[in-house]
Amino acid sequence: KAGVTQTPRYLIKTRGQQVTLSCSPISGHRSVSWYQQTPGQGLQFLFEYFSETQRNKGNFPGRFSGRQFSNSRSEMNVSTLELGDSALYLCASSAQQGAGEQYFGPGTRLTVT
Amino acid sequence: QKEVEQDPGPLSVPEGAIVSLNCTYSNSAFQYFMWYRQYSRKGPELLMYTYSSGNKEDGRFTAQVDKSSKYISLFIRDSQPSDSATYLCAMSANSDSWGKLQFGAGTQVVVTP
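Protein sequences, first through last, are from chains A and B.
Quick note: the first sequence uses our numbering, first residue 175, plus one each step.
Quick note: the second sequence uses our numbering, first residue 131, plus one each step.
Since the hints were made in silico from the structure, they are not lab data.
From a predicted model like this one, the values you see are computed outputs, not experimental measurements.
Take these hints with a grain of salt, some might be off.
What the simulated footprint calls covered on chain B by chain A, stretch by stretch (three residues with Cβ under 8 Å from a Cβ of chain A suffice, anywhere in the stretch; the number is not a length) [as the list claims (entries may be wrong)]:
no. : segment
1   : 172-183
2   : 231-243
FRET-style restraints, in silico, Cβ to Cβ [as the list claims (entries may be wrong)]:
no. : chain 1 : residue 1 : chain 2 : residue 2 : range
3   : B       : Ser170    : A       : Lys187    : 22 to 30 Å
4   : B       : Asp196    : A       : Leu257    : 38 to 46 Å
5   : A       : Gln192    : B       : Ala223    : 28 to 36 Å
6   : A       : Thr254    : B       : Tyr169    : 28 to 36 Å
7   : B       : Ser150    : A       : Gly232    : 29 to 37 Å
8   : A       : Glu256    : B       : Ala159    : 31 to 39 Å
9   : B       : Tyr201    : A       : Lys187    : 37 to 45 Å
10  : B       : Ser183    : A       : Glu275    : 16 to 24 Å
Ideal Cβ placement from N, Cα and C applies to all residues, glycine included.
So here's chain B without its partners, still in its complex pose:
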């Protein structure tokens, strides 16, 4: 079993809908949680970064972390065709292993006009 599980999709939504993405994990030591967006043939782009539990909002993006359930989510409001990409969750444990991110498989999102 992988430490980080993420449904690969694809997830297809109409323009303007809310995109809901999530990851589950098994390592209770994870404290730092990130969401990346990756377009085809590009490197991952950091979207959201959260430490420990709680919510964080940035524009159309909201990240939620529930450490008690080992579950993290990313919501994209008012989705646009330009949001079509693969979304990867990533996490790491303590600061000594900060550079050693564990990634989910990535969810492919398609926003249709």
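Next up, chain A with everything else stripped away, as it sits in the complex:
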């Protein structure tokens, strides 16, 4: 069974631009969570989606948004990029909301210049 896939793997953007990252969960998994990983703050929860609905949200500004499609694929969008948004963005999927292990993708490394 294929794992969680994320595209693109690497991205370089300029301050003020916006970016969209994509995540395809493991086949059959319906829950997708997004995390930001930085050397200073570690792994921080962004949001969780299940059945196209946002179920939980972390403490990030409104510039960070996401959505989930009917096939469980998910996207996250960051608008008006800031230098501090440079990070590894990780997506994790699980079979159902509220139970089961979470499996992570390889991440998208975003660099903002």
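Take the given structure of chain A and dock chain B to it, following the hints.
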């Protein structure tokens, strides 16, 4: 104070030794406990998943949870150089917030041949 505390290391051990890792937490609502391994430039890989208190063993890995002390541990027996990685503890409260994992900072482990 962070909800989950984890010594960042690095922790250096000789090949064949037992690696002992731990995390403490402050939120008594945490019920689900996980350990992830993350190699450089990769996404976290789930190693162990435990619900509530107790021990769980899987091959060379043993996870322990002591909810009364708010303390979790991971032991790696017969450590190998391939175990060199960053180990992250993660936890969540009730099933409604399952997707919202709280991570420790991660402990860097180096197993020397």
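So, going through the hints one by one against the coordinates:
Check result for the segment 172-183 of chain B against chain A: holds, 6 residues qualifying (beta carbon to beta carbon below 8 Å, three or more required). Note: the segment 231-243 of chain B has 6 residues with beta-carbon separation from chain A under 8 Å; the three-residue rule is met and the coverage holds. Checked against the hint of 22 to 30 Å, the pair Ser170 (chain B) and Lys187 (chain A) passes, with Cβ atoms roughly 23 Å apart. Between Asp196 (chain B) and Leu257 (chain A) the C-beta distance comes to about 41 Å, which sits within the given range of 38 to 46 Å.
Between Gln192 (chain A) and Ala223 (chain B) the beta carbons are some 33 Å apart, a value that agrees with the proposed interval 28 to 36 Å. Distance hint check for Thr254 (chain A) and Tyr169 (chain B): the Cβ-Cβ separation is about 33 Å, which falls inside the suggested range of 28 to 36 Å. The beta-carbon spacing between Ser150 (chain B) and Gly232 (chain A), approximately 31 Å, falls within the hinted interval of 29 to 37 Å. Against the hinted window of 31 to 39 Å, the Cβ-Cβ separation of Glu256 (chain A) and Ala159 (chain B) comes to about 33 Å, which satisfies the hint.
Between Tyr201 (chain B) and Lys187 (chain A) the Cβ separation comes to about 41 Å, which falls inside the hinted range of 37 to 45 Å. For Ser183 (chain B) paired with Glu275 (chain A), a C-beta distance near 19 Å keeps the hint of 16 to 24 Å intact.
The structure meets every hint from the earlier list without exception.
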